[in-house]
Amino acid sequence: MSQHNLLTVSGLSKFFPVKKHSLFGDKQYLRAVDNVDLYIKPGETLGIVGESGCGKSTLAKTIARLYASSAGEVHFHGANLTKLSQKALRSIRPKIQYVFQDPYESLNPRHTVGSILQEPFIIHTQLSLQEREAKVKALLDTVGLPEHAINKYPHEFSGGQRQRIGIARAIALEPDLLICDEPVSALDVSVQSQIINLLNELQKKMNLAILFIAHDLAVVKHISDRISVMYLGSIVESADSDELFKRPRHPYTQLLLEAIPNPDPNAKRSERRITGELPSPINPPQGCRFSTRCPMVEPRCHSTRPPLIVTDGQDHQVACHYHQQSFENWESPWDY
Amino acid sequence: MMFSPQAKRRWQRFKSLKRGYYSFYAICILIFVSLFAEIWVNNRPVIIHYNDTLYFPSYGDIIPGDTFGLGYQWETNYRDLKQVFDNNPDSGNWMLEALVPYNPFENHFIEGEFPPYAPSIEHRHYLGTDMAGRDILSRLVYGFRIAILFSLFLLTISYVIGITIGALMGFLGGGFDLIFQRIIEILSNVPILYIIMIVASIITPNFWTLALMLGAFSWMGLTWYMRTETYRENTREYVLAARSIGASNWRIMFKHILPNSVSILVTFFPFSVVSGITALTSLDYLGFGLPAPTPSWGELLQQGTSNLDYQWIAASAVIALTIVLTLVTFIGEAIREAFDPKKYSYFS
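Sequence lines, in order, name chains X and E. Residues 1 to 336 (this note's numbering) are what the first sequence spells out, left to right. Residues 1 to 348 (this note's numbering) are what the second sequence spells out, left to right.
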């Protein structure tokens, strides 16, 4: 299977050490990403959703090795990214690019757009200044920015325009995989759709694979071929986009879907809510991670942690002991 | 390199703070004047016209008395020469003297009086002379030049060491950080004055050794700020973005982190200048600074305080020191104000 995958992540974990409370206390870790498996095929979009603090961004940064991983492997283009030397890593970087969440933070305030976009070429190619500038102009055109943007500074642009600059930088070296870490959550709704359409367009044109991270299911559905739902550092359900929306099996996914606001005033609303807070990833609940907030929790959920298992054969994986019951009880609030 | 709009805004803001801006001008003028002190303050005249030839003795080798028909091989006594010229107004020879016609090393004796001489326009000792008959204004000007150059050199040393180590501490973190934190703590507690006294009793320090010695013990302050700044910038997303396009550590350091840390370095600049001047002056005052005939404010202050009857000596040194330190502090204040992140954020 992994032969056809562009990216295969297996057992990836990222633990952050936490300050000990006493000198002789046990060393504690914040389990931001806990044993995650996923794969992306060339040209495909995988959406990852989950609420704030569930480790989506950490997962993305660990895959791109902006953070060192604690365990697990990331196979990309036949290389294990987690084990590569700094030098080898730098040469593979152009193929796996990153679009950041906050377009205000991810552009160096002291560099002009021209020099921000030239940087990839300076690092990875031997192009002359003129050639680089021509490339930058072509890039600006691709992402729909005017040519004279080249001499301006990031702060002279709106959020959406800055995110376009960020995308232009990411596609400069024609990557195979684009990791989009909540690229639209800092933007206005009207601008969000423009950016997402731009990403869709680029994907078709360049045969990009995209790892798209968001906390907004509606946004993810629009762009993704497959969706993985993350909860507290682990993936709880993973399926094709339509399949996940039509036949969600994990109670958490169901609750997320029910929570999407429905513009139809006559639509019946579910009585179920996700209550409580996300538990601390330093001391995650025993057994199922979602057991503390699950509406259909059983004693078994508190003791045994459900593994991620394949259910319907169509690549639909879920980590719930009672996914069968959960699915049978579920009524979609949506008419598809 | 083009200046970023942020830098331009800061400059505009600095210009609008009049007190600091004018102080900046004043200091620039003072430095400029002192750098070319040989022209304004010198016993050698600026121009001599002698037998249809022009001489510019301010810079360069000594011109022997023979040249002007004075009949000796050693350096011309230009005051005597002036007498000669004045006595023969028809010869067509003339000279343009410096504004203050005394050199800082020259002991000038007026017949029938003992130094120190009080300030007088007639003798052109505008601020009087010190105990050895050397012109105070002249020594102030040359002393200022040495002090400011000394403190700039000292500042360069401590900035280079401080920035390098601070940036590495922030960038590498871990063991390197921990070890240097302890080293800095130890170094900060070394009584530098005693060390310099001990060293000065073994070798006579000169400009360079003194600056190197002080520099080796004065880089620690900046290191903390640089370390914090690097730590902070290093985790910001634009650095991650640079890393994700495969930028080397070297490139991230010099193209991304350092330019964004400049504001701290600039803010500290004037205060470091002040501390450099103060350090040299106090060492000179105690007699452990630069060797004896060097014009120095500290030495002048020392003469002044031990001979309080001749108030002009102490007064000149104290007033000059106060003016310069106040000006530099005003500049520092204005820079700090102009770089205040609350006024100009990255997002404004």
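Misleading hints may appear alongside valid ones.
[Stated by the list, open to error] Pairwise CB distance ranges, derived in the manner of DEER restraints:
#1 E:Glu185 <-> X:Phe24: 43 to 53 Å
#2 X:Ile260 <-> E:Glu185: 20 to 30 Å
#3 X:Ile122 <-> E:Ser201: 32 to 42 Å
#4 X:Asp312 <-> E:Pro5: 54 to 64 Å
#5 E:Phe3 <-> X:Ser193: 50 to 60 Å
[To be verified] Think about it this way: if two alpha-carbon atoms lie no more than 20 Å apart in a straight line, the pair counts; the simulated DMTMM-like pairs of lysine to aspartate or glutamate are:
#6 X:Lys137 <-> X:Glu174
#7 X:Lys19 <-> E:Glu337
#8 X:Lys95 <-> X:Asp240
#9 X:Lys135 <-> X:Glu174
#10 X:Lys204 <-> X:Asp225
#11 X:Lys221 <-> X:Asp240
#12 E:Lys8 <-> X:Glu201
#13 E:Lys255 <-> X:Glu277
#14 E:Lys255 <-> X:Glu133
#15 X:Lys205 <-> X:Asp242
#16 E:Lys8 <-> E:Asp309
#17 X:Lys205 <-> X:Asp225
Keep in mind that the hints were calculated from the coordinates and are not lab data. Cβ atoms here follow ideal geometry from the backbone N, Cα and C, with glycine treated the same way.
Check: If you check each hint against the structure, which ones fail?
Finding: Of the numbered hints, 1, 2, 3, 5, 7, 8, 12, 13, 15 and 16 do not hold.
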